[in-house]
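A.B. asks: Here's the letter readout for the chains.
6 protein chains.
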Amino acid sequence: MEISARNGIKGTVESVKLGAVMASIKIKVEDPALITAAITKESVEDLEIAVGDEVKAIIKSTEVMVAK
Amino acid sequence: MEISARNGIKGTVESVKLGAVMASIKIKVEDPALITAAITKESVEDLEIAVGDEVKAIIKSTEVMVAK
Amino acid sequence: MEISARNGIKGTVESVKLGAVMASIKIKVEDPALITAAITKESVEDLEIAVGDEVKAIIKSTEVMVAK
Amino acid sequence: MEISARNGIKGTVESVKLGAVMASIKIKVEDPALITAAITKESVEDLEIAVGDEVKAIIKSTEVMVAK
Amino acid sequence: MEISARNGIKGTVESVKLGAVMASIKIKVEDPALITAAITKESVEDLEIAVGDEVKAIIKSTEVMVAK
Amino acid sequence: MEISARNGIKGTVESVKLGAVMASIKIKVEDPALITAAITKESVEDLEIAVGDEVKAIIKSTEVMVAK
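Protein chains in written order, with numbering that gives the first Met the number 0: chain A, 0 to 67; chain B, 0 to 67; chain C, 0 to 67; chain D, 0 to 67; chain E, 0 to 67; chain F, 0 to 67.
Please keep in mind that the hints were generated in silico from the structure rather than gathered at the bench.
Just so you know, not all the hints are guaranteed correct.
Given that identical chains are not distinguished, each listed pair holds provided it fits within a single copy or across any two copies.
Claimed, not checked - In the PhoX-like style, the derived pairs of lysine-lysine whose C-alpha atoms are separated by at most 20 angstroms in a straight line are:
id, residue 1, residue 2
1, LYS27, LYS55
2, LYS27, LYS16
3, LYS67, LYS9
4, LYS55, LYS25
5, LYS9, LYS25
6, LYS16, LYS55
7, LYS9, LYS27
8, LYS25, LYS67
9, LYS55, LYS9
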């Protein structure tokens, strides 16, 4: 399956921090840039996301703002 | 002012496509990656976003998904 | 690849309406329910989304509100 | 009042999980489908959302992606 | 029905601009502040949103950023 | 830098509630209105957001719904 989200950025999981409901994932996309994803803890567990995993940060284009 | 959005990715505007209400901006972030932002046409006009501009793609972390 | 978005609802594309930048897709998920997705026109073209296609509506859980 | 959000899916609350700030609500929409909503804990308390409640999952169409 | 979205700001519709798929609504919330909503054209037609209407801008708290 | 987000509402931080990953910020925008922002705890710490701070609630227009 392919998703309509326009943005998929490859990287490596650098940290996983779990709360009770939400989780924060840091994805290293290119030294030294980091992308932060706030997703549910459940997703982290279902996908078994762990430090060192090769993942993609997926972002729908309507969620991207532009600063100039 | 600094914004709470965790993700700011520097790049250069590669294309600006205007609709009646919305606009699609392609931002080259590192060859050959592109980030697509769907923002209002009004924002494009107010910030005078044009091809070649150095901009930042800003993304709130709750909008980032992870695929593995 | 599997995505962290918690919600994937199978259905059939009932209509595709293209604007200049955005597109509106109606997905029949169970008679007579319809889910509306506002995605970029570019996604529609890249995925070649057409009436009758079997697709999934994907929704990040932080985007779902609850009314009671 | 009627809301502009295009998508309202009726279902029954199957579980409510509270964190310190956020909460995760599982809504059974049709056996065996479940929709997950990540909303603030405060909303859960204000609307007194509990297992068995008949609710609607409300989703703005710009938040819906399409996978094919 | 009550919605889990934490933010509802009363105001008056000042302008409605229709595109093919999306629409931009300006809501005057307190002189001279304006809130811009980018919603589907279909919503504008279904709710018959017109200049002078008393409406509410509804915003889920996970969509609000803070700048300081 | 200027951001494409159309909505910036000035106010004062009235409360900051921290969870493990997320945080809820109440911003007083005009007596007695409050805007709730659910942002990462990390943002709160990086921007040192505290009660009494003058801040702006920033909202992308595609995240604003209209109720009538």
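A.B. asks: Of the hints given before, which are not true for this structure?
C.D. replies: Violated: none.
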